[in-house]
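The chain contents come next:
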Amino acid sequence: MSSKRPQPYFSRSQVTLVRGLWMVVTAILAVMTLFPLLWMVSIAFKPPAESFSSNLIPQAPTLDNFIHVLTGVPFIRYMVNSFLVSATVTIVALFFHTMAGYALARLRFPGREVLFLSIFSTFLVSLPVIIVPLFVIVKAMGMLNSYVGLIIPAIFNAFGIFLLRQYYLSLPKEIEEAARIDGAGYWRIYWSVILPLSRPIMSALAILFFLANWNSFLWPLTITSDPNLWVVQLGIANFKSQYSASWNYMMAASTIVAIPTLILFVIFQRQIMDSLKTSGLK
Amino acid sequence: MTTIAETAARRRHAGRTRLSAKHREWIAGYLFVLPDALGLLVFLGVPMALSLVLSVFEVNGFGGYSFVGAKNYLRMWNDPLFWKGARVTALYAIMLVPLLYVCGLGLALLVQRTDRFNAVMRSMFFAPHMVSLVVVALVWQFMVVDKIGVISRLTAALDIGGFSFLGDPNFALITIVLVSVWFLMGFYMLIFLGGLQDIPRQYYEAAMIDGAGAIARFWFITLPLLKPTSFFVVMVSMVAAVAGAQAFDIIYVMTKGGPANATSVLIVYIYQQAFGFGAFGYAAAMASILVVALMLVTAVFFALTRGGRFNHEQ
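One line per chain: the protein sequences are A and B, in this order. The first sequence begins at 1 in our numbering and counts up by one. The second sequence begins at 1001 in our numbering and counts up by one.
In short, the hints are calculated from the structure, not lab data. Misleading hints may appear alongside valid ones.
[As the list claims (entries may be wrong)] The calculated EDC-like cross-link candidates involving lysine to aspartate or glutamate, where the alpha carbons are at most 20 Å apart (straight line), are:
{"no.": "1", "chain 1": "A", "residue 1": "K240", "chain 2": "A", "residue 2": "D64"}
{"no.": "2", "chain 1": "B", "residue 1": "K1256", "chain 2": "B", "residue 2": "D1198"}
{"no.": "3", "chain 1": "B", "residue 1": "K1256", "chain 2": "B", "residue 2": "E1058"}
{"no.": "4", "chain 1": "B", "residue 1": "K1084", "chain 2": "B", "residue 2": "D1168"}
{"no.": "5", "chain 1": "B", "residue 1": "K1022", "chain 2": "A", "residue 2": "E113"}
{"no.": "6", "chain 1": "B", "residue 1": "K1071", "chain 2": "B", "residue 2": "E1058"}
{"no.": "7", "chain 1": "B", "residue 1": "K1147", "chain 2": "B", "residue 2": "D1168"}
{"no.": "8", "chain 1": "A", "residue 1": "K240", "chain 2": "A", "residue 2": "D226"}
{"no.": "9", "chain 1": "A", "residue 1": "K240", "chain 2": "B", "residue 2": "E1058"}
{"no.": "10", "chain 1": "B", "residue 1": "K1147", "chain 2": "B", "residue 2": "D1159"}
{"no.": "11", "chain 1": "A", "residue 1": "K139", "chain 2": "A", "residue 2": "D226"}
{"no.": "12", "chain 1": "B", "residue 1": "K1022", "chain 2": "A", "residue 2": "E176"}
{"no.": "13", "chain 1": "B", "residue 1": "K1022", "chain 2": "A", "residue 2": "E177"}
{"no.": "14", "chain 1": "B", "residue 1": "K1022", "chain 2": "A", "residue 2": "E50"}
{"no.": "15", "chain 1": "B", "residue 1": "K1022", "chain 2": "A", "residue 2": "D226"}
{"no.": "16", "chain 1": "B", "residue 1": "K1256", "chain 2": "B", "residue 2": "D1159"}
{"no.": "17", "chain 1": "A", "residue 1": "K173", "chain 2": "B", "residue 2": "E1025"}
{"no.": "18", "chain 1": "B", "residue 1": "K1147", "chain 2": "A", "residue 2": "D64"}
{"no.": "19", "chain 1": "A", "residue 1": "K139", "chain 2": "B", "residue 2": "D1079"}
{"no.": "20", "chain 1": "B", "residue 1": "K1227", "chain 2": "B", "residue 2": "D1198"}
Isolated chain B (complex conformation) (with noise of 0.2 Å):
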């Protein structure tokens, strides 16, 4: 008798213990993402779907809210700063992203062999990566001061300078451009020899075998088995020239977008008109159309690295 009314017991418990087995797994994955997904809503998720609810609204920075439809969608079709900017972030990038690429697969290429000699120059190499970028504008706008600047005078000495390279509108932004390679080759490097290094031995020493020099070994197997990484760097490099907050930081410090908005890219001339002339709504549509133009490259990124997934595989 209380064996039949222990294992009904038995039963019921374990039936509800399996059932609940499964619900408390859900529970705890809930609460396991809970703050993450709860912080990245309310820091990340909001703001996004903020900035396309700004963008219809006039606003002042002391919080007066008025609805004006597309109205600030319309200025900016007007406003030629804002193609100035857009056409000043498209040059950037365009000089950024091929440059780096270069000077990335470049010194990774240099130092790839791994002994103590090149370990101590790929130190030399991503040192610049570990100073801040304030401090970075600050040492090379003392490096490029006119005339007295040690840059100014050894280009002066070469004969190619009578040129101001920050005050010069023609030459500020190649400027900025190049102090940005600067700091970030480093890094491309770094990722170019993660990249180097899962490409198997063997190909090379079978292609050597067959009589391939060096450049035709880089042109024929390096660089095609290099494809995954180098979609990532372009990738990359292009958000970072386009929306980081590493361009931002260089050219804030360095020239305030100027002389003559040469070097106002979009993300700086967002700010200026938020925080300079209190246009929050201007602002917030300038923002919003980056904010789709990110969301679009990231679904294409998604899709072409199979769920973001950047390994080597094929």
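If we strip away everything but chain A, and leave its shape as in the complex, we get (with noise of 0.2 Å):
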């Protein structure tokens, strides 16, 4: 009977090596992966005279890059900026393609598809090809230095409509059906049926949106002069040109910048990692 059972090619003890050894690499791969960071950090906490020295962990570390940073240049005001557009982009633009995708995928009405292949034609038209004609449009509506400006052409793109209406798909008929019965119009079943099922998707976009807005550097590069306006990425690019030798402030003010998201990621990994590997491909 167990002669007909495939013999395995490795004993045991042989298996277990092979998978040490493999989590050893990966571990490896995984630290110098961070390696970046990491670097990035240690040199925030380190004096000037340390910058260039290759230990990980500062010898005297000090805060004091973070601070001459934090009072030299207006980070918090930046970061405020880009939370400001950040959230209201998220928040505008859920609205609008749930909406869109809604209506794309369960109601009936004449040049539905013609309506959705003009709008997924725009799927892979990316921000610096169209960024001179955008920027002329954007000037004539007086839109220029603005949050109006930074906010509003953000919000629209074919990507999270997309997702959405195969999403909306995928759901069920009785759904509808059950509400209409008692008498729920359109605007209704949206509200209170169709959004309620798409938390799951929501919170995904709503995760992608934020970052993509928070990490977004071309377009409010190209709209805004006043430093009052500026994104918290605008604000460490300016930082580079006027620091551009000083290391450890550049790296802590990296550090500032950067740790927002990493946070967000610590936080919400799970649902982060989950919403973009099922975006990329369902």
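Taking the hints as your guide, dock the two standalone chains into a single complex.
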């Protein structure tokens, strides 16, 4: 009887050994991947004289760099700007995209397919490619150097609509029918049936939108020259030109800019990774 | 009498509501789509079209427009820096796409097993993707500073030094590619993990009973069944390399296209022509080429994925 079972190639101890080696290799690669970020934090805590020493743990850790950066440059203001812009874009985009996704997936009206195809056709068009005409339009609308200019053009993208439509296509028909028999109109169905059902995909998209906007650089760079409107990415890029040789200050500033998203990541790791994993393909 | 009137009224009413129910659905549909459709039209559709319009004008940043016909396109044809930009863009894509494929898939295979250890490792590989590209560019610039940066000293100690990572035209683009890979590989690892999960375990079990080794299993099961994922990854990473904001951010912050235009990909060159020299028309002409190319890629994408469905049937 036992002779019919496939013979394992390795003994149990060999399997454990291979697995152990595998884990060691993985761990080494992972630490190497993280090294630049660890190095950034390490320099941020080192006094200038120690900036280029090769030890990862600072010998005389200091908070001076952070204090200098936070008192010399209005990073708090930049962060508040970034937060306001990212949060507004996220909320408005989710609202509009769920509406559009619902209609494109569940309502029947002439031209729906053409509309969806037109939206899908902008799927791969990225900001750098249309930045010149977009700048001309936003300028003509008088939105240069304003929060409105930072927020409104960032709201619209085909990606979110596409994902939500796919999600709504997969919901069973009966859900709506029950609501319709109770006399609910389309808005009512959208608001009290569809939206509550989309909570998982909405939280995934919320994370994606917020991160993308928190980290966005090109658009703010192009349309804001007023330092009061600078978002945090512009603040740090400009900091670079001011302090190009003071690496200890630059790494402290970089740490300040990177920390919010890294903290977000530590808290929401699973959700972020799951949302990205499914958003790519499904 | 009243009953006849009532039924007539009810029938009329019912008829009207049935007809208007359809129209109500139409109107609701249009109203629900309206905000996004309008926004996409104004901030994506119109710019795409306007790109073509601007490309036949000479425009200066202060609003002077004059029609010049094909002049911008002729200028492009005769501009060595445009061709340099096209070459650098192609080189960047040719290096980035396969490297991302290999690193993404390699990492995914490395941490494929679902256990707590691998969950932690996945997060570590993904962490760079959470940092903004401006910070990424700064940190890497710091590590490769000539002679004193930690990586410069490491390469010098290993006796492969002597060159400047960002100052040498032969190495600057490679450096940018490596930084891009570091930033993006965690994301592609996740995409590949999603693809690997969809391969039924039975296939592997059957192959193992037939005596297939790890390499055979990878070659004859994993790779063929990963085809949809691979297609998605290659397509998306290629578009990102040619037109992505990610490439722009890294290059703009690290080298601004230098040294000697060695890292001047088209999107950076276009930006500099427009916002550095105010040559909006010329920049629009170059961008139009990219818009047309992207539309073609999207059409291919749409056709091959049957309407943009990237799931793994068949």
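These are the hints, each one checked on the structure:
| no. | hint | result |
| --- | --- | --- |
| 1 | K240/A <-> D64/A | 18 Å, holds |
| 2 | K1256/B <-> D1198/B | 42 Å, violated |
| 3 | K1256/B <-> E1058/B | 25 Å, violated |
| 4 | K1084/B <-> D1168/B | 16 Å, holds |
| 5 | K1022/B <-> E113/A | 17 Å, holds |
| 6 | K1071/B <-> E1058/B | 9 Å, holds |
| 7 | K1147/B <-> D1168/B | 13 Å, holds |
| 8 | K240/A <-> D226/A | 17 Å, holds |
| 9 | K240/A <-> E1058/B | 34 Å, violated |
| 10 | K1147/B <-> D1159/B | 13 Å, holds |
| 11 | K139/A <-> D226/A | 15 Å, holds |
| 12 | K1022/B <-> E176/A | 16 Å, holds |
| 13 | K1022/B <-> E177/A | 15 Å, holds |
| 14 | K1022/B <-> E50/A | 74 Å, violated |
| 15 | K1022/B <-> D226/A | 51 Å, violated |
| 16 | K1256/B <-> D1159/B | 29 Å, violated |
| 17 | K173/A <-> E1025/B | 16 Å, holds |
| 18 | K1147/B <-> D64/A | 26 Å, violated |
| 19 | K139/A <-> D1079/B | 29 Å, violated |
| 20 | K1227/B <-> D1198/B | 12 Å, holds |
In this structure, the hints that do not hold are numbers 2, 3, 9, 14, 15, 16, 18, 19, in rising order.
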